[in-house]
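Trainee: Construct the complete structure from the given sequences, taking the supplied hints into account.
The residues making up each chain are set out below.
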Amino acid sequence: MSGISDPTFDNTAALPVRPSYLRVFLTFARNSLVRDMTFRANFLIECITSVAWMGMNLGYYLLVFQFTPSIGEDTGWGQYQFLVFLSTTLFVNSLVQAFFMPNCEEFSELIRTGNLDFALLKPIDTQFLISLHKVNWSALANFFFGGALLAVSLTNLSYMPSPIQVVLYPVYVICGVAIFYSLMISLAATSVWLGRNQTLYEFWFYITNFSRYPMEIYRGEIGGPLRWFFTFIIPLLVVVNVPARLLAQPFDAQNWPLAGFAVLAALAALWISRMIFRKAMLGYRSASS
Amino acid sequence: MAIDPGSAAMNGSGRLAGHAAVSTLRTWWIVLRIAIEERLVYRGDFALGTLMRFLPLVTQVFFWTAIFDAVAGATGRTTVAGYTNREMIAYLLLTQVSRAFSSMPGLASGVALQIRNGEIKKYLVQPIDLIGFLLASRVAHKLVYYLVAAGPFALVFFVCRGYFNGWPEPQILVAYVLSLLMSFLLGFFLEATLGMIGFWWLEVSSLLFVYMLFNFFFSGHMFPIDMLPGVFGTVVRVIPLQYLAYFPAAVFLGKVQGAELVWGLLIQFGWVLFFVFLCRLMFHLGVKRYSGFGG
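For the record, the sequence lines run as chains A and B.
For the first sequence, counting from 1, position 197 maps to 631 in our numbering; every step adds exactly one.
For the second sequence, counting from 1, position 153 maps to 136 in our numbering; every step adds exactly one.
Incorrect hints may have been included.
[Said to hold, decoys possible] From chain A, some residues computed to sit far from chain B (all C-beta separations above 12 Å): (1) R474; (2) Q531; (3) D559; (4) W571; (5) I651.
[To be verified] To be clear about the criterion: a stretch of chain A counts as covered by chain B if any three or more of its residues have a C-beta under 8 Å from a C-beta of chain B, and this derived list gives those stretches: (6) 484 to 497; (7) 507 to 514; (8) 636 to 646.
Bear in mind the hints are in silico, worked out from the structure with no lab data behind them.
Note that the Cβ used here is the ideal one computed from N, Cα and C, for glycine as well.
Mentor: Shown next, in the form of structure tokens:
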């Protein structure tokens, strides 16, 4: 029988310790905040630049609405409805960028350099550790920008969302974040097989581009299949569309199937990404000795 | 044997000058070849990346079609800022071509980085001109880019040929090619000039971000600058950014014609000269105040 023979090390008692995931996460978040606050000016510049970028985007959409009353005919996406849509995009994207983006990017790098060994050795779920160990606090600047934009747009809408809409909205935003996260971690995990995956960030930008507009714009013989594909196969279109429609447009029983599907899609996406992650871990070969 | 020392010296210096020209050309050729080989290492990744760059355009096509539908439904008009639906999409496709010429990824930040970490010493002690070297390697990078990107570009334009009214007239096509070549030079010297600011400020990334932001929105990359109202429209027409994306595309679509076209090309040429001189001047002044220590 092999094992630790040192009598001072009671190895049976040490085994079933379950780490408190919440406390570990809070420690991660705190450490990241401490690091960010060490370089305060840099942090401030990062906040300003990301808000400036979104400000320019907002300017672009306001410009477009100088020429048109809505996006698509009879879709209900007038200027303020679309601004609700835009704030929803901001919420989802800023949450993904704050909590998952830096980690997933680093994940590819960990696989490439072989430093993943250290993560695998820690007595905690590897996917949890990999996905959350860094928080990019400055990305949350856009979350607050989105909040302000949402407040302004809602006061300019002619109707008030009902309480149930208000309660369900954050739930669907979280579903959207879950779908984006699943896609991102799955893409990052493919580095195990592809070796080099430095265009992940770029690819991410291009693919999530589809989620940034109301799904009604995808019409016609190409648009129809495209919409179907990005709703049911890779559910990018439900990420922003479902919560935004829920809040910006009058409640309609017609929307229930899609809303129900969004929850299922989020759960399925998480499950599939978990499978892909596990498979990737089985295929992982360390880089060197 | 009567040798005229004067003529011998003349001959010698003449040969020397010829030799120097040949060796300069050879240096450039080698720089070009190295950069080409460097670039071809990841060609698969590269071709895929080019094709992916058109993905946002797919969304833009649907987005603008929806906008034109809504405009037609509400007002009965078929144009936005003078563009029909087809023209708008053709315009957005053409700005991709403009950007393929004028965008210089990593140029300004690369120059600033070399100044900061002292790598620039290499160019100061070796008989190589930094700006010339950068230009040669950029030309090489672009040539390889066109070689690899020609496929994806041809595919996308073939698929989207319905948005165009055929090829423009020969003289327009000549003007278009001229404006594209100048947009490459303008992009290069403008970004190189920005990089030279690194001699004065050690950290230029925030400045480059602001430039990138303005470039993205006001070069016409996102939308035709004809859409901008009032004072914005005027300012954007005065600053040189429009020559990086909007102007070549507008030339191709016949939005700029006759005397306006000639003036446009001349002004673009003027901006190129301006930045060539500014870039040289800043390099000259920068090197004067630059100090390098250690190996």
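Trainee: Could you run down the list of hints and mark each one as holding or not?
Mentor: Results of checking the hints against the structure:
1. R474: It holds; A:R474 is separated from chain B by about 15 Å at its closest Cβ, greater than 12 Å.
2. Q531: holds (16 Å)
3. D559: A:D559 is indeed farther than 12 Å from all Cβ atoms of chain B, at 32 Å.
4. W571: The assertion about A:W571 holds, with a minimum of 18 Å to chain B.
5. I651: About 4 Å separates A:I651 from the closest Cβ of chain B, which leaves it inside 12 Å; violated.
6. 484 to 497: Check passed, 6 qualifying residues.
7. 507 to 514: holds (count 3)
8. 636 to 646: holds (count 7)
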